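Asks: Okay, so the sequence shown: first residue is 1369 according to this note's numbering, each after it adds one.
Only pairs whose alpha carbons sit at most 27 Å apart, straight line, appear in this in silico DSSO-like list of lysine-lysine:
1. K1444 - K1395
2. K1523 - K1512
3. K1570 - K1512
4. K1513 - K1523
5. K1395 - K1439
6. K1512 - K1577
7. K1510 - K1570
8. K1570 - K1523
9. K1510 - K1536
10. K1505 - K1570
11. K1559 - K1395
12. K1507 - K1523
13. K1419 - K1444
With beta-carbon atoms standing in for the labels, derived distance ranges:
14. K1471 - R1406: 28 to 34 Å
15. N1472 - P1508: 40 to 46 Å
16. E1571 - K1471: 49 to 55 Å
17. K1512 - K1466: 30 to 36 Å
18. M1369 - T1405: 25 to 31 Å
19. G1490 - D1451: 20 to 26 Å
20. H1532 - D1438: 36 to 42 Å
No wet-lab data here; the hints were simulated from the structure.
The structure displayed is predicted, hence computed values, not measured ones.
Where a beta carbon is used, it is the ideal one built from N, C-alpha and C, also for glycine.
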Amino acid sequence: MSGILYIVPTPIGNLEDITLRALRILKECDLIACEDTRQSLKLLTHFEISKPLVSFYSYNQQHRLPQIIDKLTDGKKIALISDGGTPAISDPGYILVKAALEKNIKVEPLPGASAVITALVGSGLPTDGFIFCGFLKRKPGKMKKELAECAPLEKTIVFYESPHRIIKTVEICREVFGENAQICLARELTKKFEEFIRGSIKEAEANIKTRKEILGEFVVLVYPESKVKNSK
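Sequences are here, hints too, so could you generate the full structure?
Replies: Written as structure tokens, this is what we have:
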């Protein structure tokens, strides 16, 4: 009988944001597959959990995949976690899920922390429909194209961005959507210095450009200007 692959969300910042079910699964599983064993060890140590760890990330996924699938086929229960949040969201976890399903191995996802959902519900932007783009292309031209393709759908657009590129990205958002389009920059979610920068793109751009230093990963949310105008 084959084992079970558990998809276990972990805190994106505040360690209190882990579920009782997630802790139970981590304690009961035979093996934990994670992005960074050092990072995951900190979390497990905090909750006094001792389990074998195996790294599974973008650069070793093809090598690790057969090993993990073999263990699942042998009946092992394996928990997949990421460095923070829900696994398989903009990380290689989906490859493992897909491979497990192809082998008729049970996949059991747990609900839990997600930077995307946390930012969306706190943004003040419409939540009845949204488009998640993960990490956009880095080249300005390709980034503009991606954003422009989303605009006609008239949904809140959500994507990740790093602190050293956030100013340029907001400038590109202004070029694509116009300075009056509504935006929210969610930074350091659930951590001590959590911050939501809300308002028009013009206002948000002015805000971040006055800062001497910008720290923390961002979730960027934009609501296309055309929909804003039509809703008034």
